Amino acid sequence: FIVCRQADWGRVVAVWVMGPEWQFKKWDLSLFGGKIVNFFSRVCAFYLAFHRDPVPDNIKKWNVQILTVDKVKRHLDMRVTNQFWDALKDTRRLASQAKARAAANPRPAA
1 FIVCRQADWG
11 RVVAVWVMGP
21 EWQFKKWDLS
31 LFGGKIVNFF
41 SRVCAFYLAF
51 HRDPVPDNIK
61 KWNVQILTVD
71 KVKRHLDMRV
81 TNQFWDALKD
91 TRRLASQAKA
101 RAAANPRPAA
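Sequential numbering of the sequence shown, starting at 1, is according to our numbering.
Just so you know, the hints here were simulated from the structure itself, not pulled from any lab data. Heads up, some of the hints might be wrong.
To be verified - The following label-pair restraints were derived from C-beta to C-beta distances:
| hint | residue 1 | residue 2 | range |
| --- | --- | --- | --- |
| 1 | LYS26 | LYS61 | 18 to 24 Å |
| 2 | LEU76 | LEU31 | 34 to 40 Å |
| 3 | GLN83 | MET18 | 16 to 22 Å |
| 4 | ASN105 | LYS71 | 47 to 53 Å |
| 5 | GLN6 | ASP77 | 34 to 40 Å |
| 6 | ASN38 | ASP70 | 32 to 38 Å |
| 7 | ALA87 | ARG52 | 19 to 25 Å |
| 8 | SER30 | ARG79 | 35 to 41 Å |
| 9 | GLY19 | ASN105 | 36 to 42 Å |
| 10 | ASN82 | SER30 | 31 to 37 Å |
| 11 | GLY10 | LYS35 | 17 to 23 Å |
| 12 | TRP22 | ASP53 | 16 to 22 Å |
| 13 | LYS71 | GLN6 | 37 to 43 Å |
| 14 | SER41 | VAL80 | 21 to 27 Å |
Quick caveat, the model's predicted, so the values are computed rather than measured. Cβ atoms here follow ideal geometry from the backbone N, Cα and C, with glycine treated the same way.
Build out the structure end to end from the sequences listed, making use of the hints.
And the structure:
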């Protein structure tokens with residue numbers, strides 16, 4: 001697994017989540033208040049599941065996009081691929097809009 005430090009977060013576009021919290025044990029989440037929930041409110045996250053397989057409870061609690069593929073109907077995989085790219089594009093678009101608004105309306109110095 002990749003260990004992410006605070007300096008890395010500016011380059012992270014999305015993460016794939018497996019479910020257990022230990023996946024993020026060595027990640028520096030201090031920019032997010034040290035909380036995984038805050039992390040998922042600011043970083044696009046995905047969980048890949050098979051149709052009818054149970055989704056881990058953590059995934060249900062977190063702001064994670066669940067992408068579901070069928071074990072038999074593999075011809076539907078392209079639909080899931082498109083869902084992934086659409087969600088990623090929407091997240092990046094919203095992030096760039098927020099960045100543009102912040103640049104247009106700088107906060108006065110204290």
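Hint check results:
1. LYS26 - LYS61: 18 to 24 Å: Holds, at about 21 Å.
2. LEU76 - LEU31: 34 to 40 Å: holds (37 Å)
3. GLN83 - MET18: 16 to 22 Å: Holds, since GLN83 and MET18 (Cβ atoms, about 19 Å apart) stay within the stated range.
4. ASN105 - LYS71: 47 to 53 Å: holds (49 Å)
5. GLN6 - ASP77: 34 to 40 Å: holds (36 Å)
6. ASN38 - ASP70: 32 to 38 Å: Holds - the Cβ-Cβ distance for ASN38 and ASP70, about 33 Å, lies within 32 to 38 Å.
7. ALA87 - ARG52: 19 to 25 Å: holds (22 Å)
8. SER30 - ARG79: 35 to 41 Å: holds (38 Å)
9. GLY19 - ASN105: 36 to 42 Å: holds (39 Å)
10. ASN82 - SER30: 31 to 37 Å: Because 35 Å falls inside the window, the suggested range holds.
11. GLY10 - LYS35: 17 to 23 Å: With Cβ atoms ~19 Å apart, the hint holds.
12. TRP22 - ASP53: 16 to 22 Å: At 20 Å between Cβs, range holds.
13. LYS71 - GLN6: 37 to 43 Å: 39 Å Cβ-Cβ, so the 37 to 43 Å window holds.
14. SER41 - VAL80: 21 to 27 Å: With a Cβ separation near 23 Å, SER41 and VAL80 satisfy 21 to 27 Å, so the hint holds.
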